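Trainee: Take a look at the letters that make up each chain.
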Amino acid sequence: MLKVGFVGCGWANQVHMGNLSKMEGVSLVAFHDLDHKKAIALAQQYGGQAFSGDAASMLATASLDALYVAVPPSAHGIEARAALQGTHLFIEKPVALSLEAACEIAKAADKAGVVTSVGYHFRYLAATRKAREILADRRVGMALGYWMGGMPQVGWWRQKALSGGQAVEQTTHIFDLARWLVGEIEEVSAFHAARALQGVPDFDIWDVGSVGLKFENGAVGTIHSTCLLEQGYRVGLDVFCKDFILSLNGNGLSLSQPGKKKELTFSNDPYFDEDRAFIDAIKSGRREGVLSDYQDGVKTLAATLAANRSAEAGRPVRIAEMFAFCS
Amino acid sequence: MLRVGFAGCGGANQAHARNLSEMEGIRLAAFQDVEEERAESVARQFGGRAYSDGSAMLAAENLDALFVALPPAAHGIELEAARKGIHLFIEKPVALSMKLACEIAAALEQAGVVCSVGYHFRYLAASQRAREILADRSVGMALGYCIWGLPGHPLWWRQKALSGGQAVEQTTHIFDLARWLVGEIKEVYALHATRALQTLPGFDVWDVGTVGLRFENGAIGSIHSGCLVEHGFRVGLDLFCKDFVLILEANRLCVSEPGRKEELTFGNDPKLDEERVFIEAVKSGNREGILSPYWEGVKTLAVTLAANRSAEEGRPVKIEEMFCA
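Same order as they appear, the protein sequences are chains V and G. Going by the numbering used here, the residue at position 239 of the first sequence is 239; the numbering climbs one at a time, nothing skipped. Counting from 1 along the second sequence, just add 1000 to a position and that's the residue number in the numbering used here.
Bear in mind the hints are in silico, worked out from the structure with no lab data behind them. It cannot be assumed that every hint is accurate.
[To be verified] Okay, derived cross-link-like pairs now, DSBU-like style, lysine-lysine, Cα gap no bigger than 30 Å in a straight line:
#1 G:1242 x V:160
#2 G:1261 x V:261
#3 V:262 x G:1261
#4 V:160 x G:1318
#5 V:242 x G:1160
What you are looking at is a predicted structure, and each value in this text was computed from that prediction instead of being measured.
Make a model of the complete structure from these sequences and hints.
Mentor: Below, the structure is given as structure tokens:
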């Protein structure tokens, strides 16, 4: 029986709880949230125990095989302690709010040799898998990414010190997809602005952002973010090659060439698949099914933090620069 | 009878000539092209005289107006034409260097002649409607696109010294539209690359480009160019305000808000309109209809040349920098 604990009982971890509860040989035993009532409710639902006090004390008491961490970006940290105890880790994106914190956790996880998986579930969409196959033998010219929609209504999301802003907290999925499908990002140059939501209480992030990308392989691109659009708009990635356009939208893939257009729709549940892959990796010791481990998640974090730095400093920022503090 | 001449007999000026040939009171008097045969062929079509040299044409003909449609690097005849008091319709981009563009601007100012630049997207009824709609909205972000294949232009298009590359020669329309609908651009940061077409003979421009923008009014955006997808992708401009999206593509406007989506299609011919407005201004002296006077063309040129400089030097470039001597 794999014993699983949860730090953070918000929407993201609830999705994971639902998935895990359907799996054989997995037991949901420990629940923690700063809002203790949430932990109690879920502990009741899944037959586990709710822990008050801090997450560290839960780790000390419950004997966990794996820990799911889904907290506001600024609240990461428990992972290092968990790793040192030999607890396998599933961590929701983004992996931290600073590279220093992320690198510390990465070191601990590496040393402990635990399985790590980061919740970049877009990698698990069947449409993404297909896109990756297709792009494997094509040379990408340009990639244009989008996370354009409304603003999540949780208070911490709109506070830079807690969320890091939209690129770090949310568009990170698209930055991650760009890395996964096109290649490592060498440099970013970002323009951010607050154009309409600055009057919203506690809002100190930006509501529009455009991040230019230079990939190590020579391709270029831009990832656009906005949280101005209550009606929603688009989340996806368009990739341009010679006489070939690949457009990824959710679990749908559009391919167009001269005289030929193909639409492919898939229907797998990427959250279930990523949870399945994580649990299987722990049980079997074979990690290939885990498409995004902690080190990978750190690289995506670096790109988004670089975008923040670029926007603030008014200059391009090389990703390598962000790792100056990591040894 | 207005006597009109044409400097450059490629596709752009042939199209202008066709339209003008159907207008009253216009005589298509003279056609000039460095390729003499082409000038002769077009002159035959419209009943004018052919020249291989621009100065020779200006000296011999008594022109009231001149349509200039040349590879970007070939501008210059405007100086002589202005001095002779000839009104000018100039195709985009207005030049390949800020130095020449400013010189021409000064000559036009001094001569007091009518001048219109061929930024015909401004004349699309959809663009004008968009401008009305945006008058009392604050744009957050503007995303522009000019992504399709390699135009059927002669070789000069793919040579940087002659065309300036796609942003300068072609995407300039979208940069111009962004300026017209959102506001002046303050700074650009551009990433250009050649990813597929480098093997084409003579090709030394880039086939993909993305230019980040910061506007003077605080809005941001980016404009994307590409000439590597033969089957085309799109040419358009998308504008994002709070809970409001405006998409402009050719003469079609799509507006969407929570619970409401509206699509408006218009049918005017923007090239015909810009030509009519120019001819009207020449005849009557009334220049109000001209939506893109020369200095507008200079400002749009500045943005695209700034993008080139930014891409080459790997740094953000403020547009004002382009106006220093």
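Trainee: Next, verify each hint and record whether it holds.
Mentor: Evaluated hints:
A C-alpha spacing of about 20 Å is found between residue 1242 of chain G and residue 160 of chain V, which places the hinted pair at or below 30 Å, so the restraint holds. With a C-alpha separation of about 26 Å, the suggested pair residue 1261 of chain G and residue 261 of chain V falls inside the 30 Å cut-off, and the hint holds. A distance of roughly 27 Å separates the Cα atoms of residue 262 of chain V and residue 1261 of chain G; the hinted pair therefore holds under the 30 Å criterion. Annotation: proposed proximity of residue 160 of chain V to residue 1318 of chain G holds, straight-line Cα distance about 28 Å (limit 30 Å).
Using a Cα cut-off of 30 Å, the hinted pair residue 242 of chain V and residue 1160 of chain G holds, with the two alpha carbons roughly 20 Å apart.
This entry satisfies every hint, going by the numbered hints stated previously.
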